[in-house]
Amino acid sequence: NAGVTQTPKFRVLKTGQSMTLLCAQDMNHEYMYWYRQDPGMGLRLIHYSVGEGTTAKGEVPDGYNVSRLKKQNFLLGLESAAPSQTSVYFCASSYQVQEGNTQYFGPGTRLTVL
Amino acid sequence: AQKVTQAQTEISVVEKEDVTLDCVYETRDTTYYLFWYKQPPSGELVFLIRRNSFDEQNEISGRYSWNFQKSTSSFNFTITASQVVDSAVYFCALTEMNAGKSTFGDGTTLTVKP
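Respectively, the protein sequence lines represent chains L and D. The numbering used here puts the last residue of the first sequence at 162; the count rises by one with no breaks. The numbering used here puts the last residue of the second sequence at 122; the count rises by one with no breaks.
Simulated from the structure, these hints should not be mistaken for lab results. For glycine and all other residues, C-beta sits at the position ideal for the given N, C-alpha and C. Hints may be right or wrong, so weigh each one.
[Stated by the list, open to error] In silico EDC-like cross-links for lysine to aspartate or glutamate, where the CA-CA straight-line distance does not exceed 20 Å: (1) L:Lys-57 with D:Glu-25; (2) D:Lys-121 with D:Glu-34; (3) L:Lys-119 with L:Glu-147; (4) D:Lys-121 with D:Glu-25; (5) D:Lys-11 with L:Glu-107; (6) D:Lys-46 with L:Asp-110; (7) D:Lys-78 with D:Glu-52; (8) L:Lys-119 with L:Asp-86; (9) D:Lys-109 with L:Glu-127; (10) L:Lys-105 with L:Asp-74; (11) L:Lys-118 with L:Asp-86; (12) D:Lys-46 with L:Glu-100; (13) L:Lys-105 with D:Glu-104; (14) D:Lys-121 with L:Glu-147; (15) D:Lys-109 with L:Glu-107; (16) D:Lys-11 with L:Asp-74; (17) D:Lys-11 with D:Asp-94; (18) D:Lys-11 with L:Glu-100; (19) L:Lys-119 with L:Glu-100.
[Stated by the list, open to error] Facing chain L, according to a computed beta carbon distance under 8 Å, are these residues of chain D, among others: (20) Arg-36; (21) Asp-37; (22) Pro-49; (23) Asn-60; (24) Phe-62; (25) Lys-109; (26) Ser-110; (27) Phe-112.
[Said to hold, decoys possible] Far from chain D by the CB rule (all over 10 Å, computed), these chain L residues: (28) Ala-72; (29) Met-75; (30) Arg-116; (31) Lys-119; (32) Gly-148.
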């Protein structure tokens with residue numbers, strides 16, 4: 049099992065450009081999450097999904113959109129990137145009931161917006 | 009609303025010292041889960057332990073031990089005889105039953121010097 053994978057690992061964008069980050073999991077988890085981590089700070093939840101076709105806002109959703117068309121994939125989109133979105137992005141997935149929402153994380157995507 | 013506080017931003021110890029990382033949480037639920045995750049310098053996030061609110065038994069795993077006390081809303085993590093490889097950022101997290109998402113503390117950066 050690959051666990052949780054993220055594509056790409058690194059990306060540099062110019063202000064105003066758009067991009068999509070892909071998260072894939074092969075553990076048949078119902079729940080998936082997107083976080084951002086800024087230097088010296090903890091994890092802040094952007095959006096999450098409790099099942100295929102559903103999404104919900106986290107604590108810092110502005111400037112991002114998500115989609116969960118397939119159970120195994122969770123996409124994070126930036127429509128018009130801003131320097132404030134420079135960060136490391138982590139995807140995670142979990143069971144809810146079976147494991148009390150223990151989250152398994154991807155390796156992260158380092159995004160720089162110039 | 010749930011909240012997790014890790015008051016220690018940074019801790020520095022010398023190898024073989026014991027160190028305790030503090031975690032205090034707030035929740036109105038009676039059923040919840042607590043977690044510790046480790047983020048080594050390589051950047052990945054690794055699950056260490058999960059406890060549910062009905063199980064206050066302390067747990068020991070090798071050099072690691074966890075002390076869960078509902079009376080003080082704390083879930084502290086102790087590393088005995090620390091090693092350089094323990095250097096990492098450690099995150100405490102809380103999930104309320106059926107919440108669908110976790111709240112993370114801001115993390116404690118532990119540096120173990122040789």
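Notebook entry, point to check: Given the proposed pairing of D:Lys-46 with L:Glu-100, does the C-alpha separation stay at or below 20 Å?
Noted result: 29 Å, violated
Notebook entry, point to check: Given the hint that L:Lys-119 pairs with L:Glu-147, does the C-alpha gap stay at or below 20 Å?
Noted result: OK: L:Lys-119 and L:Glu-147 at ~18 Å, within 20 Å.
Next item on the list: For the pair we were handed, D:Lys-109 and L:Glu-127, check the Cα-Cα distance against 20 Å.
Entry: 25 Å, violated
Check: Do the numbers back the hint for D:Ser-110, that is, is its least Cβ distance to chain L under 8 Å?
Finding: The hint holds - D:Ser-110 has a Cβ within 8 Å of chain L, the shortest such distance being about 6 Å.
Item checked: Status of the stated non-contact between L:Gly-148 and chain D (beta carbon gap over 10 Å) -> 4 Å, violated
Check: Do the alpha carbons of D:Lys-121 and D:Glu-34 lie within 20 Å of each other, as the hint requires?
Finding: Not satisfied, since the Cα-Cα distance of roughly 33 Å exceeds 20 Å.
Next item on the list: Decide if the proposed pair is consistent with the structure: L:Lys-105 and D:Glu-104, CA atoms, cutoff 20 Å inclusive.
Entry: Judged against 20 Å, a Cα distance of about 17 Å means the pair holds.
Margin query: Need the status of pair D:Lys-121, L:Glu-147: alpha-carbon distance at most 20 Å?
Written below: Violated, at roughly 35 Å.
Notebook entry, point to check: If you take the shortest Cβ to Cβ gap from D:Lys-109 to chain L, is it below 8 Å?
Noted result: This interface hint holds because 5 Å falls under the 8 Å limit.
Notebook entry, point to check: Does the CB of D:Phe-112 sit less than 8 Å away from some CB of chain L?
Noted result: Holds. Min distance 5 Å.
Margin query: Quick check on D:Pro-49 please, does its C-beta sit within 8 Å of some C-beta on chain L?
Written below: Violated. Min distance 13 Å.
Checklist line | Distance restraint between L:Lys-118 and L:Asp-86, which requires alpha-carbon spacing of 20 Å or less | finding: 29 Å, violated
Hint compliance for this structure: hints 1, 2, 6, 7, 8, 9, 10, 11, 12, 14, 16, 17, 18, 20, 21, 22, 24, 32 are broken, all remaining hints hold.
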